[in-house]
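**Q** In case you want the letters, here they are:
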Amino acid sequence: MTTDHPHSRHCLTTAPDGLSLHVYRRRKYWLAAVLVLQLAGGLGVLLVPGQEIFPLFSWFLFPLTPEAGVRYELQILEFRGQAYAVAMAPIAIPGAVDPAQMPTVVALGHRLGLALAVGDEAEVRRLRGLLEGGLLPGVGRYALVAVTYDPIARLRTGTGQVLRMREFKTGQP
Amino acid sequence: MNRSWWRPVRRWLAGKPAARTGTLARQVRACATAQTLVQGYYAAMLYLAFTGMPTWAGLDTARSDLGLLWPVAWIKVTGLGPGLMVVMALYLGGALAAAVVPGSRVCRGLAALGMLEFTAFDYSGGKIGHSSHLWVLTSLILVFLPRLGLTAGRCERQSYLNVFWTAHALVLLTYTMSGLGKIAGAVFQASQGQVTVFHPQAMALHVAARLLETGSQSPVGGWLVDHPWVGWPLMLGTIYLQTFAFWSIFRPRLLQTWTVGLIAFHLATFFVLTIRFAPPVLLLALWGLASPFAPPAAISGEILTQLPLIGSILKWWKPETKSLV
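Residue numbers (this note's numbering), protein chains in the order written: chain A, 1 to 173; chain S, 1001 to 1325.
No lab work stands behind these hints: they were computed from the structure.
Among the hints, erroneous ones may be present.
In silico SDA-like cross-links for lysine to any residue, where the CA-CA straight-line distance does not exceed 25 Å [unchecked claim]:
#, chain 1, residue 1, chain 2, residue 2
1, S, 1076, A, 137
2, S, 1076, A, 126
3, A, 169, A, 125
4, S, 1076, A, 94
5, A, 28, S, 1315
6, S, 1076, A, 125
7, A, 28, S, 1024
8, A, 28, S, 1012
9, A, 28, S, 1144
10, S, 1076, A, 52
11, S, 1318, S, 1308
12, A, 28, S, 1008
13, S, 1315, S, 1233
14, A, 169, A, 78
15, S, 1076, A, 173
16, A, 169, A, 88
17, A, 169, S, 1214
18, S, 1076, S, 1086
19, S, 1076, A, 122
20, A, 28, S, 1113
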């Protein structure tokens, strides 16, 4: 494969020992095809929702630089029977979301907001199914809000302009 | 593959070849190292399976049968409890069998299937995770390792090395894809008049957005937000490291340097962004630091001239450095 490691060109030019030249070459082409498939498949799944057909993935991690704009977020209104007068971020309620699942919940919340913004109700139902199916245990009511902010300013000051889009009751249409 | 176009591409990627001395002896040594690394790979997989056991108990309650990925779609029929038992048995049993008998294709197949099933279950239900993908993909490739007997000849040994090389190359290719994704994203954002990943504030923006998203605390990340000029070279270095990772598999003198760089990148993403990609670090360290393709000792001058872009600039600026290659 490389010229630095002991690539045996001998085995291509001298009598093969046990493995036929034809089989050896065919195997090499298949292996090269694996790498081409990984690259082509990874780019191909960019066209699929979620950009992944497991285990093929584009590996486009953090491709876009965040900037000031709109972000959709979940806020909890009722948890384990207790209603909150002021909507709470999932992070702020211990036990509402498994910390390891937080990036997933955040990403699904953002996708839910995008679906709501374009009126894609089928996608809204699907995303709610994923969220309510095990990622938000004990959450009775929650809302989706659109937050307009600059990431650095919000990290420093905690402020942003918030607009509530819709409220949901877990398990109810 | 049409060799008339592939050969110049390979030569361009590999640079000037090293002297072909002691090829057969080097091949024998490399193959023996690769076999040891394959056994180490399955021992590491067993370690991953065993250390993950405490979290298995909660997996069936944390997942619903909604959104199961295709490799575990059959669990809808068996139910979560029994299905999870089968997945666990396959994962732990397959890893153990392959660690004990790595030469058996059946055992390696079981290990690959177990890894695929467990990872698919773990990442079902909408969960976003990619830290085990490389183990899934490499275990699938290693199934195709040929059997090496005591009388294995040059072709069998080379065939074994080719499979191992492909698995390692695939690992590095994913980093290159990640780097190219950032460059493609920058081109798109630049066309929209937005801030790109090459902007001095890009690292600060990424860190701030991530910390807000996860609600996590990172003293290092917070400091980088306040000092964007420190984060800028780190971001540019990351893009360089990722984009040319695949290059290093063609230039074995660079392999260990690149491996250390990628491990440092993963450590940095943990301390800055609180993202822990532990399984790839294990894989990189295992195969990259002890690579059968890397020369025993590489001179720093040689490494510099082999670097993508930088090496070309050095050769242009100081032509005498060509003699180091």
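**Q** Could you run down the list of hints and mark each one as holding or not?
**A** Going through the hints against the structure:
For the hint linking residue 1076 (chain S) to residue 137 (chain A), the alpha-carbon distance of about 21 Å falls within 25 Å, and the restraint holds. With a CA separation close to 17 Å, the supplied pair residue 1076 (chain S) and residue 126 (chain A) stays within the 25 Å bound. Distance restraint check for residue 169 (chain A) and residue 125 (chain A): the Cα-Cα separation of roughly 12 Å lies within the 25 Å cut-off, and the hinted pair is therefore satisfied. Restraint check for residue 1076 (chain S) and residue 94 (chain A): not satisfied, since their Cα atoms lie roughly 31 Å apart, outside the 25 Å limit.
Among the hinted pairs, residue 28 (chain A) with residue 1315 (chain S) is inconsistent with the structure: their alpha-carbon atoms are about 33 Å apart, more than 25 Å. For the given pair, residue 1076 (chain S) sits about 20 Å from residue 125 (chain A) by alpha-carbon distance, which is consistent with the 25 Å threshold. For the given pair, residue 28 (chain A) sits about 19 Å from residue 1024 (chain S) by alpha-carbon distance, which is consistent with the 25 Å threshold. Restraint check for residue 28 (chain A) and residue 1012 (chain S): satisfied, since their Cα atoms lie roughly 20 Å apart, inside the 25 Å limit.
Taken as a hint, the residue 28 (chain A) and residue 1144 (chain S) pair is honoured in the structure, with Cα atoms around 11 Å apart against an allowance of 25 Å. At roughly 21 Å between alpha-carbon atoms, residue 1076 (chain S) and residue 52 (chain A) fall within 25 Å of each other, so this suggested pair holds. About 16 Å separates the Cα atoms of residue 1318 (chain S) and residue 1308 (chain S), which keeps this hinted pair within 25 Å; it holds. Simply put, residue 28 (chain A) and residue 1008 (chain S) have alpha-carbon atoms about 17 Å apart, close enough for the 25 Å limit, and the pair holds.
Proposed proximity of residue 1315 (chain S) and residue 1233 (chain S) is supported: the alpha carbons are some 23 Å apart, at most 25 Å. For the hint pairing residue 169 (chain A) with residue 78 (chain A), the CA-to-CA distance comes to about 9 Å; that is within 25 Å, so the pair holds. Between residue 1076 (chain S) and residue 173 (chain A) the alpha-carbon distance is near 24 Å, which keeps this suggested pair within the 25 Å criterion. With a C-alpha separation of about 15 Å, the suggested pairing of residue 169 (chain A) with residue 88 (chain A) holds against the 25 Å cut-off.
Restraint check for residue 169 (chain A) and residue 1214 (chain S): satisfied, since their Cα atoms lie roughly 24 Å apart, inside the 25 Å limit. Under the criterion of a C-alpha separation no larger than 25 Å, the hint pairing residue 1076 (chain S) with residue 1086 (chain S) is consistent with the structure, at around 13 Å. Between residue 1076 (chain S) and residue 122 (chain A) the CA atoms are separated by roughly 22 Å; this keeps the pair inside 25 Å, and the hint holds. For the hint linking residue 28 (chain A) to residue 1113 (chain S), the alpha-carbon distance of about 23 Å falls within 25 Å, and the restraint holds.
Violated hints, listed in ascending order, are 4, 5; each of the other numbered hints is respected by the structure.
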